[in-house]
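Using my numbering, the first residue of the sequence shown is number 981, and each one after it goes up by one.
Hint data in this document are derived by calculation from the structure and do not stem from the laboratory.
Note that the structure is predicted; figures quoted are calculated from it, not measured.
One thing to keep in mind: the hints can contain errors.
[As the list claims (entries may be wrong)] Computed list of lysine to any residue pairs in SDA-like fashion (alpha-carbon distance at most 20 Å, straight line):
| hint | residue 1 | residue 2 |
| --- | --- | --- |
| 1 | Lys1223 | Asp1247 |
| 2 | Lys1171 | Gln1240 |
| 3 | Lys1139 | Gln1339 |
| 4 | Lys1285 | Tyr1142 |
| 5 | Lys1250 | Leu1238 |
| 6 | Lys1250 | His1217 |
| 7 | Lys1013 | Pro996 |
| 8 | Lys1285 | Val1347 |
| 9 | Lys1024 | Leu1008 |
| 10 | Lys1199 | Ile1351 |
| 11 | Lys1139 | Lys1254 |
| 12 | Lys1171 | Lys1374 |
| 13 | Lys1254 | Thr1314 |
| 14 | Lys1374 | Lys1250 |
| 15 | Lys1153 | Phe1260 |
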Amino acid sequence: MAELTKQLSELASKGPAGLEEADRIALLHASYKLSDALENPIEKFIRLFFTIYDPIVLRLCVDLDLVDIALAHGGPISLSEFAEKSKTDPDLLQRILRVLVPLGIFTEPSAGTYGTTPFAPVFASPSPFKSTITHISHLYHSVASMPEYFAQNGYQNPKDAYDAPFQLAHNCKGETYFDYIARPGNERLSKAFNVTMEMQKTKAEESFVPVYPAEERLKNDDPERVLLVDVGGGVGHQVSRFKERYPQLPGKLVLEDLPQVVDTAVDLPKSITKIGHDFFKPQPDYVEGAKAFFLRMILHDWPEKQARLILSNIVDIMADDSVVLIHEVLLPETGVSHFEAKMDWHMLNMGACERTEKQWAALADSVGLEIKAIWMEGTEGAALGSRGMIELGKRA
């Protein structure tokens, strides 16, 4: 046992340097299992219920720009000077730093003196993690309201994006989460959301869904027909990548999102048509009969009520050979990972959900569609859900 402990300590001191990615992930998961197996009930309880303070303190760290200040100082900084530069009560700052030191963001070389670690710049400007911390921690208020929400609603699963834990916590029933962050004065929340969504993109998404055989599935002989509509496509990253990957496929390409969003798509190739549109309203005539309607990570933001409306508006203008392409997470029917289960609860906060293949099939069937095929992607890293491309067509 002493030898094993020594080996583990040596491995921990080296970190991931020199490890293949597959080995790193395998060791990471093994370490999780080891920690879980060795904890006694009290230790597990403490970890589960007191971990909440770590992200709250990290949010304060970001709000106060503590890492930026310490890095700009260029060396160890005293508590008094740190407090002065951050305009923070020294007693409060010390309590914040007491958490940030064991988290490996700051060091305490001597009493009342602090320095940064190599990990610290992750939380400094212009790192996107600063925005991600803002986005996720902002939702904690509604996370805390979940027991009250379910008690009030007879422990029913949320069925409407206008009536979920988020609305209870923020007293904004009648608004979706997206309506709320779009309010004047909530620009920081809106920016944080957008940055976080960009961070979730994988290396595979540097190209348009590589696992999907578009040349085979989207054959089209009419150059005047709309080939692909990127529904809710933001500023057009995906439709632009589709154009780059399949320049030989004939047909028109369309970016569709809210007017205020597509207006910001200034770098879009001129050959791609921009249409300002709310996907909760009937689809515009221009895209009627399009070969493919592409939705990337859109429907997991909405429960069945709103998801059916989005899809129904598309079904209404589909041709017989049109398809709906859904690029989303597919939860396994059993053995859902802890990360995937927590991400599903993250979506539940706003009334939405992640779905299994059976749930995707049921959603499709409810609007007259059926799954034609699914192409699953490989996973990168330890904290990604299992994504795939789901092709839906009109039900036979």
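- Query: So which of the earlier hints does this model not fit?
  - Reply: 11, 12, 13, 14
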